[in-house]
Amino acid sequence: MSKLNKTGTVLGLAAVMGVTLSTFALAADIRIGITMRMISENGQKYGQMVMDEFDMINKAGGINGNMIKATLMNDECKSDKGVANAVKLVAQEKVHLLIGSSCSSVTLPIVDVTSKAGVPQLVPHSTNDKITKKGSAWVFRVPVSGRYYAGVNAKYVGENIGKKIAYLCAADAASQNDCEAMQAQMKAQHGVEPAYTAQVQEKEVDFRTHMQKIKNANVDGIMIAALAETMARALIQSYEAGIPASVRRIGSSSASNSPVPKIAGDAAKGVFFAAAYAAADTRPIARMFNEIVKSRYGINSPDHDFSQAYDLVRIAEIALGNADLKLDSASLAADRTAIRDAIAGVKGYQGLASGPISFCAEATPQCRDGNRTAVLIAYSKGGENYKTEVLARVTMPIDFGL
Amino acid sequence: MNAVASLLEYPSSYIEKLGNIHRILPWIMAFVVLLPLPHILETTLNEYYVYLANRICIFIMLCVGLNIVKGFCGQVTVGHVGLYAIGAVTSALISLHLGWSFWISLPLGVFAAGLAGVIVGLPSVRLEGAYLALATLGLGESVRIMIAVTPFFGSSTGLISIPSPAIGGFVFDTYRSYYYLVMTAALIGIYLSFSILRSATGRAFMAVREDTIAAAVHGINVTKYKLLAFVISALYAGAAGGLFAHMPPGYIHHNNFTIIEMVTLLLMVVLGGIGHIWGGVIGAIIVTIIYDQTLEFYFYQPLLFGLSMVLIVLFMPRGIGGMIDRYLVTKRFMAIQEGKSNGAS
Chain V
0 MSKLNKTGTV LGLAAVMGVT LSTFALAADI RIGITMRMIS ENGQKYGQMV
50 MDEFDMINKA GGINGNMIKA TLMNDECKSD KGVANAVKLV AQEKVHLLIG
100 SSCSSVTLPI VDVTSKAGVP QLVPHSTNDK ITKKGSAWVF RVPVSGRYYA
150 GVNAKYVGEN IGKKIAYLCA ADAASQNDCE AMQAQMKAQH GVEPAYTAQV
200 QEKEVDFRTH MQKIKNANVD GIMIAALAET MARALIQSYE AGIPASVRRI
250 GSSSASNSPV PKIAGDAAKG VFFAAAYAAA DTRPIARMFN EIVKSRYGIN
300 SPDHDFSQAY DLVRIAEIAL GNADLKLDSA SLAADRTAIR DAIAGVKGYQ
350 GLASGPISFC AEATPQCRDG NRTAVLIAYS KGGENYKTEV LARVTMPIDF
400 GL
Chain S
0 MNAVASLLEY PSSYIEKLGN IHRILPWIMA FVVLLPLPHI LETTLNEYYV
50 YLANRICIFI MLCVGLNIVK GFCGQVTVGH VGLYAIGAVT SALISLHLGW
100 SFWISLPLGV FAAGLAGVIV GLPSVRLEGA YLALATLGLG ESVRIMIAVT
150 PFFGSSTGLI SIPSPAIGGF VFDTYRSYYY LVMTAALIGI YLSFSILRSA
200 TGRAFMAVRE DTIAAAVHGI NVTKYKLLAF VISALYAGAA GGLFAHMPPG
250 YIHHNNFTII EMVTLLLMVV LGGIGHIWGG VIGAIIVTII YDQTLEFYFY
300 QPLLFGLSMV LIVLFMPRGI GGMIDRYLVT KRFMAIQEGK SNGAS
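Top to bottom, those sequences are chains V and S. Counting in numbering that gives the first Met the number 0, the first sequence runs from 0 upward without gaps. Counting in numbering that gives the first Met the number 0, the second sequence runs from 0 upward without gaps.
Extracted from the complex, chain V is given alone in its bound form:
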C-alpha cells in the first residue's frame, strides 16, 4: 500500500511538473502559423525559407528571449484547404500571428477568418487588390499590390513599346487581376482598348491558335499573365508561331519566378515584367541575399517570392520585438492585438524590396498595402543560368488604382 502511495505521489508530482513545465514552455513561445502553396518545388522552398529564417532567429536567442514556434501547413492553393489551415492554426494552435497565403484565392477567405478571430495576418505573396480592400484591421500585405504593378507596366508599355497590345490571361486569381488591371490602366493612361484578348486555363498547354491570331493582329506587344510554367509554355509557342522578337513580351508578376526563364530558355530573353525584387540589384543586402538563397536552396537568381518571404520574416521580427507581449494563456487576445499594432507601427522598412515598406493603423488599402515600389525587370538571358536587368524603379502614389 505504501509502495502504491509512493508511486502515486511520484506520478502526481511528475504530472504537476509536466503541466507546469509545459505551461511555462507555452508561455515563452511566440506561436506563428504559416499556410502556403507547397505543391511546386519553388513553393516548398518559399515555405522552407520562412521556417529557416525563424529558426535562425531562435538560434540567435529568439525575440526578447522568447522563442518562435512556427507551424507550416500546405494549402495547395485551394481556398477550402487554406480556410481549414487558418481555422486550425487560429483555434487549435492558438497562433499569435498568421502568415499566408501564396495564392490570392486562398488569402481572400483567410482574411475573414483572421478578422473574425482577431489574429494579425501578414500576406507573403498574394497581389490581388481585393485583399486589402476588404477593410480588415488585421491584415498587412508585404508584396506590391496588383494595382501598383499595372500602373507601372502600363506607363512603360505606352511610352516605350506601343499601344496595340494583345492579352493572354490565365484563369488564376493573380493573373486575372494583373491582366484586368493592366487593361484598365492602358485605357486610363493611354485611352486604348486591347488589340486582342483571350482567357486560358490555369495550366493551359496549347496556345498556338491564340498566337496565330495575335500574329495576324500585328500588335506591338503581348501581355502573358499566367503562373510560371504556363507562361513559359506560352512564351515558347509565341516564337514557334513566328511572332518576331520585336513584338515585346510583357509578363505578369509571376514572370519573376525562376521556372519562367529556365523552362522558356531563349524565349525568355527580352520578356519584361514588374516585380518587387530584382536579382540584378547591386545593393549589398541583395548580394548577400542572393548568396544565401544560392547556398541554401541552389537557386542562382532568386525571384521576388523569395525576397518577399525574407522581408516578411524581418518585418515580423521587428514587430514582435516592439510588441509588448505577455505570452501567457490569458493574454492571447491582448498579445495578438499588440502584434497587430506593432506591425501597423512598422515604417520605412528597408529590406530587399525595391522601396521602403510602411504600414499604418487604418484598415484601408492605403495603410495595409505597405510596399508601393515596383521594379521593372527584363530577362537579358534565358535558360538555367538566366540573367536579369533592371529597366526602371517606380514608387507609386499611395491612392493609385483605388
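Since the hints were made in silico from the structure, they are not lab data. These figures come from a predicted structure and were not determined experimentally. Cβ coordinates follow ideal geometry from the N, Cα and C atoms, glycine included. Mixed in with the good hints there might be a few duds.
Unchecked claim - Quick look at which bits of chain S chain V covers, simulated, 3 or more residues with Cβ under 8 Å:
1. 150 to 157
2. 245 to 254
Said to hold, decoys possible - What follows is a list of derived Cβ distance ranges for each label pair:
3. V:E192 x S:I288: 49 to 57 Å
4. V:T363 x S:E127: 55 to 63 Å
5. V:T196 x S:Y299: 37 to 45 Å
6. S:L310 x V:P243: 49 to 57 Å
7. S:F314 x V:G269: 52 to 60 Å
8. S:I166 x V:N159: 57 to 65 Å
9. S:V124 x V:K93: 49 to 57 Å
10. V:A329 x S:Y299: 37 to 45 Å
11. V:E40 x S:L310: 28 to 36 Å
12. S:S160 x V:V389: 34 to 42 Å
13. S:L313 x V:G269: 39 to 47 Å
14. V:S245 x S:S307: 54 to 62 Å
15. V:G134 x S:I166: 22 to 30 Å
With chain V's structure known, arrange chain S on it following the hints.
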C-alpha cells in the same frame, strides 16, 4: 468485433423499439443526441473540430447522394462534384446579386443542380461503365472550367462575402451555429435516402443496377429510373453545394470543385461501402478525419489516398458497410440456426 457488437446491442435495440413506435422517432433521437456535439467539441478540443464536423456533414450529404446513383442504381458517375459546384454557385450568386435570403437561394441552387442532373444523366441512357464515367467526368469538369473562365461565376477570384443564413435576427455566422444547419440537413438527407431505398422507386433502382434487361422485362422504365437516380443525386449535391457556399467565411472558388475532390468523394463512398447508406456516412467521417490527421505529411497524402483506394477495392470491395452487412447476416443466420436446433430439441 463481438465486444463492439455487444456495446451497440442496447442502443440498437432501443432505436428499433423507437422505430416501431414511429419511424421518424429514431431520427429525432439522433438529432437530440447530436445537438450538444459542437459544445462538447469546443470545450474538450477547440473550434476547429466544429468546423471539421460541418465539413463532415456536407461530405455526408454528397456521399449519400452519390450512393443513390452509384450504389442503388449502379450508374458510374464521376461528375458529381460538378453538380455540387452548380448548387454552390447558383445559391451564392442569387444571394450576392439579388440579395435574396439563403432560404430562397438554397432551394433554387438545389433546383438548378437537379436540372443539371438531367443533363449529366442523359448519357446514362445510351452509355455504360467506363464510357459513362468519361461522359460524366467531361460534364463535371466542363462546369468547373466554365466557372473558372466566367467572371460572373467568380472566375479566378472566386465569389467573396457570400452572406450567412439568418432567421430573423439570428445569423448562422459561426461554425457552431452553422453546425445545427448542416447537421439537420445531413440527417434529413440520410432519412430521405432510407425512405427512397425502401420505396418502390428504390427497388426499381436496385433492379436496374442488378440487370437492366431483366428490369425492363419486368416493366420497369429503365430510362426513367436512371434519370431519376441522377436527378435525386444531383439534388443532394446541390444542397451540399449551397450549404458549403454559405458556410463562414462565405467564399467559393473553382478550385474547390476539381477532380481531386471527386476522387476524395469516391474514396469515401468506396471505403464506406457502395450501396450502403451508412457506408457513405462512415466513409465521409473516416476520410475527413484521416485527411485532417495526415495534413503534416502533405507530400505523401495523395499516395496514401490512392493506395488506400486500390487496397480497399482489392481486399474490401464492399467497404465497411459490406463488412457490417456480412456480420449482421451471419448473426441472423446463427440466430435462425439456434432457433431451429432449439425447436428440434
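Results for each hint:
no., hint, in the structure
1, 150 to 157, "holds (count 4)"
2, 245 to 254, "holds (count 8)"
3, V:E192 x S:I288: 49 to 57 Å, "holds (53 Å)"
4, V:T363 x S:E127: 55 to 63 Å, "holds (59 Å)"
5, V:T196 x S:Y299: 37 to 45 Å, "holds (41 Å)"
6, S:L310 x V:P243: 49 to 57 Å, "holds (56 Å)"
7, S:F314 x V:G269: 52 to 60 Å, "holds (58 Å)"
8, S:I166 x V:N159: 57 to 65 Å, "holds (59 Å)"
9, S:V124 x V:K93: 49 to 57 Å, "holds (55 Å)"
10, V:A329 x S:Y299: 37 to 45 Å, "holds (39 Å)"
11, V:E40 x S:L310: 28 to 36 Å, "holds (30 Å)"
12, S:S160 x V:V389: 34 to 42 Å, "holds (39 Å)"
13, S:L313 x V:G269: 39 to 47 Å, "violated (54 Å)"
14, V:S245 x S:S307: 54 to 62 Å, "holds (55 Å)"
15, V:G134 x S:I166: 22 to 30 Å, "holds (27 Å)"
The structure shown violates just one earlier hint, number 13.
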